[in-house]
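Residue strings, one per chain:
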Amino acid sequence: MGHQSGCRIKWKMNKHGIGENKFPRVFLPRGKNGASILMIIFEVLVVLLIVFTITEAAVKMASSETVEKVELANEIVMMVDTLVGVPGDAIVEYPGNVSNYNFLIGQEKIVVFTEKDDVSRVERKLIVPLGYSLSGALDEKSWMCLEKKGLNILLRECNEQERAI
Amino acid sequence: MNKKGQFSVARKSIYWMIAVSVITLVVLGFFWMLASYQSSLTAIDPEVRAELISLRFVNSPECFTYVDEKTGKALLREIDLEKFTEERLQNCYAAEKENYNFKLVLEEEGQEITTENYFNKDDFTLFKKVKVRKAGEVKFDRMIIYVQENLR
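From first to last, the protein sequence lines are chains A and B. According to this note's numbering, the first sequence is numbered sequentially starting from 1. According to this note's numbering, the second sequence is numbered sequentially starting from 1.
Careful, some of the hints might be misleading.
As the list claims (entries may be wrong) - Per the computed footprint, the stretches of chain A lying under chain B, defined by three or more beta-carbons under 8 Å from a beta-carbon of chain B, are:
hint : stretch
1    : 92-106
2    : 151-158
Claimed, not checked - Sample of chain B residues facing chain A (criterion: CB under 7 Å; computed from the structure):
hint : residue
3    : Ser21
4    : Leu25
5    : Leu34
6    : Thr42
7    : Ile44
8    : Pro46
9    : Leu55
10   : Arg56
11   : Ser60
12   : Glu62
13   : Asn91
14   : Cys92
No lab work stands behind these hints, which were simulated from the structure alone. Each residue gets a CB set at the ideal place from its N, CA and C atoms; glycine is no exception.
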């Protein structure tokens, strides 16, 4: 039992029995038992760190927001495909409230993202016939419309008249 | 450090080497499971996707649809045989390997064209009744659309 085990705090006393130092002197654990305790603390910390990291990533990955972003992007791609397959002009309204998301459509891709989390944005490639032009953006508006006019496809907010139909 | 201490350190090192490998495998497996679950939630029926893409082959004047010279209107499901070329198909649908690729066949006419990355690996087939306009004459025909899903 000659070993010092565990972590001990010791006050240095003067001859009157009053503590000289303001702060206690901390002795780190020494010996076999001390090393074991340090190792256990280290292992627990590692396990906690791994659990925290995995949980954080899993929550982010499996959140309904990510799934919704993917679904929105896929559905917009299909809406564009449908518009391209329609001769003449047409307007399609997305059948749902999209006020939580931002949209950006360009010549080659559609991007769906949120203001607070730009990192996990979802992108999908668009393939349209030569001569077509795609443009438009939507920032947290409730109702999204895709309008085809000639060879231009525009993503914009639906107006009241379109909503009434 | 005595022999006992050295043995203890070596034993811990081996333990940690194994633990790190196992934890890495578990983490990778977990993320793989999550990714699969997510993609199963957002999966789209390939036939629906291909059907929507192939609408352009029969209805879009930028692809093969005949446009009436007098009215300027595109006649739905009427294929202009002069337009039915591979070059036109590339302009209509410039697919890469990871996209859907198609082989279009006009059954009666016996003509076929393919997209650039079509490698005869058909996953399914779509059929569309069409009319084919050849030198002013219109005939009923059937367009067979062979679909090759992404080649990743």
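Check each numbered hint from earlier against the structure, then list the numbers of those it violates in ascending order. 1, 2, 3, 4 and 8
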